[in-house]
Amino acid sequence: MKVKVLFFAGLREALGVAAEAVDVPAGIVQVGALRDWLAARGEPWPALATAKNLRVAVNQHMVGLDAPLNSGDEIAFFPPVTGG
Amino acid sequence: MKVKVLFFAGLREALGVAAEAVDVPAGIVQVGALRDWLAARGEPWPALATAKNLRVAVNQHMVGLDAPLNSGDEIAFFPPVTGG
Amino acid sequence: MQDGFSVSVQEADFDAGAEIARLVAGREDIGATASFIGYVRADKVHAAAAEKVVAMTLEHYPGMTEQALTDIVEAAQGRWPLVAVRVIHRVGRLEPGAQIVFVAVAAAHRGEAFAACEFIMDYLKTRAPFWKKEETPAGGHWVEARESDDQATARWAGR
Amino acid sequence: MQDGFSVSVQEADFDAGAEIARLVAGREDIGATASFIGYVRADKVHAAAAEKVVAMTLEHYPGMTEQALTDIVEAAQGRWPLVAVRVIHRVGRLEPGAQIVFVAVAAAHRGEAFAACEFIMDYLKTRAPFWKKEETPAGGHWVEARESDDQATARWAGR
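Residue numbers (our numbering), protein chains in the order written: chain A, 24 to 107; chain B, 24 to 107; chain C, 461 to 619; chain D, 461 to 619.
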């Protein structure tokens, strides 16, 4: 399953990447599992697992880590927002 | 005791007077008693006694009807305010 | 009143954007301004033509109005750490759509700016000596005070 | 979104007075506008020079930001009878004193204008994908989210 993964703000800087096309292995069907799989890829990826109050959006709507994944989804990981 | 009495808005129109210099008889020492004495002067003055939710200011500060009177005071009677 | 805090009672219209800009000009400690503008409404949207408001005349108690507004602003300063406040209330004859009242509050954070702005409006509505007379094709009448305004003021007492 | 309701994400500055005037132009059913402007602060007034904020860079999630702001405005419309709403959020590098965000709400009565304006700001602070990076003489750092902002959003859930 191919998805697009985005990172913002401090998380983008810590990972050194803003966007990535990812081919997700079968069996990873939720956002939380995707995060764990990405975080297991060695340095600097563990930062994704240890990020405090990690927020997730799927297709530009904020969701919980139990949200389902679908092929073609745009998944964004980011710290709590601080605009306004 | 000489005081100045003012009336505003609907009350001013009902009484037909905006301001009056009044010589208050001895024994009238509170705002409420002044109102009753003014209201006893015949038409159209009873309107002052029957006015709904009458408000009073002494020297430009809102007070209760039990506020004391002093010579030279400026006493204003008016309906509830409706600005803003 | 302290620098940055002022009230005006005037016939002239006001420029809300310019007033807000003046409050924050040259300052780097203001994080928030909350502002309010009140307007003359033509009133009930579905009212018969005879009930439509053609104009509103604002009467006030000269001398007391500025003092009452000053007292209200100072009460707000006593409750919240405010950087600047501007209050303008118009008097005279105003037509539907016209601006009546302006309140702007500048503070470090948004919570106090919002709270103080609403507090000032709620007190102004029940404590500042202004009275509105509506003019409709059927005649003129004095606007009745709304009980909801007394309730809006009263809710601050418990906080 | 419905006529009269709009959101913008932009680098350009905005003219708050002109935006408010546009919301009410030609209408006679608006009794109140409540507005909010957020500004870049140089931060703690007594901070050492090295801690003073020289600039703030606003990053966002293009595409999601407009959608998130639209969702927030529509949630406000679901709660209160509103006539018009305007939201503007700037992105890019901004210096102390600069305007960051603007929210204006027009309604028949002041209660709903104030409530909706504060509601929109509270949700924007926790749900709209913007991030601030502060630049000080000592370096840059990402601003931490404040727990008080989550609490401000949470209090609307019970109402």
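Some clues are possibly wrong.
Claimed, not checked - Using 30 Å as the maximum straight-line C-alpha spacing, the simulated DSSO-like pairs for lysine-lysine come out as follows: (1) C/Lys593 - B/Lys75; (2) A/Lys75 - A/Lys27; (3) B/Lys75 - B/Lys25; (4) B/Lys27 - C/Lys593; (5) B/Lys75 - B/Lys27; (6) C/Lys512 - B/Lys75.
Said to hold, decoys possible - Footprint (simulated), chain D over chain C, 3 or more residues, beta carbon under 8 Å: (7) 465-475; (8) 483-497; (9) 535-548.
What the hints assert, rightly or not - Computed spacing ranges between beta-carbons, pair by pair: (10) B/Val52 - C/Asp463: 37 to 45 Å; (11) D/Ala472 - A/Met24: 20 to 28 Å; (12) D/Gly523 - A/Asn76: 19 to 27 Å; (13) C/Ala614 - B/Thr73: 38 to 46 Å; (14) A/Ala72 - D/Ala508: 45 to 53 Å; (15) A/Glu97 - C/Gln470: 50 to 58 Å; (16) C/Asp610 - A/Asn93: 21 to 29 Å; (17) B/Ser94 - D/Ala617: 35 to 43 Å; (18) C/Glu555 - D/Glu511: 49 to 57 Å; (19) A/Ala72 - D/Ser608: 26 to 34 Å.
If you are wondering where the hints come from, they were derived from the structure by calculation, not from laboratory data.
By construction, the Cβ of each residue, glycine as well, lies at the ideal position given by its N, Cα and C atoms.
Going down the list of hints, with the structure as the test:
This hinted pair checks out: lysine 593 of chain C and lysine 75 of chain B have alpha carbons roughly 17 Å apart, not beyond 30 Å. Taking the CA atoms of lysine 75 of chain A and lysine 27 of chain A, the gap is about 22 Å. The hint holds against a cut of 30 Å. In summary, the hint linking lysine 75 of chain B to lysine 25 of chain B is supported, as the alpha carbons are separated by about 27 Å, within the 30 Å threshold. A C-alpha spacing of about 25 Å is found between lysine 27 of chain B and lysine 593 of chain C, which places the hinted pair at or below 30 Å, so the restraint holds.
For the given pair, lysine 75 of chain B sits about 22 Å from lysine 27 of chain B by alpha-carbon distance, which is consistent with the 30 Å threshold. Between the alpha carbons of lysine 512 of chain C and lysine 75 of chain B the distance comes to roughly 26 Å, so the proposed pair stays at or under 30 Å and holds. Only residues whose C-beta sits within less than 8 Å of a C-beta in chain D count toward coverage, and the segment 465-475 of chain C has 1 of them, not enough to reach three; the restraint is violated. Counting residues of the segment 483-497 of chain C whose beta carbon lies closer than 8 Å to any beta carbon of chain D gives 13, which meets the minimum of three for the stated coverage.
Counting residues of the segment 535-548 of chain C whose beta carbon lies closer than 8 Å to any beta carbon of chain D gives 0, which falls below the threshold of three, so the coverage claim is violated. Look at valine 52 of chain B against aspartate 463 of chain C: about 42 Å separates their beta carbons, and that is inside 37 to 45 Å. Between alanine 472 of chain D and methionine 24 of chain A the beta carbons are some 40 Å apart, a value that contradicts the proposed interval 20 to 28 Å. The hinted range of 19 to 27 Å is satisfied by glycine 523 of chain D and asparagine 76 of chain A, whose Cβ atoms lie roughly 23 Å apart.
The hint said 38 to 46 Å for the Cβ distance between alanine 614 of chain C and threonine 73 of chain B, and at roughly 26 Å that hint is violated. Here the CB-CB span from alanine 72 of chain A to alanine 508 of chain D is close to 35 Å, at odds with the stated 45 to 53 Å. Roughly 54 Å separates the CB atoms of glutamate 97 of chain A and glutamine 470 of chain C, a value that falls within the hinted 50 to 58 Å. For aspartate 610 of chain C paired with asparagine 93 of chain A, a C-beta distance near 56 Å fails the hint of 21 to 29 Å.
The beta-carbon spacing between serine 94 of chain B and alanine 617 of chain D, approximately 59 Å, falls outside the hinted interval of 35 to 43 Å. One distance hint, 49 to 57 Å for the beta-carbon pair glutamate 555 of chain C and glutamate 511 of chain D, holds here, with the actual separation near 52 Å. Our hint of 26 to 34 Å for alanine 72 of chain A and serine 608 of chain D holds, since their Cβ atoms are close to 27 Å apart.
Checked against the numbered hints given earlier, the structure breaks hints 7, 9, 11, 13, 14, 16 and 17 and satisfies all the rest.
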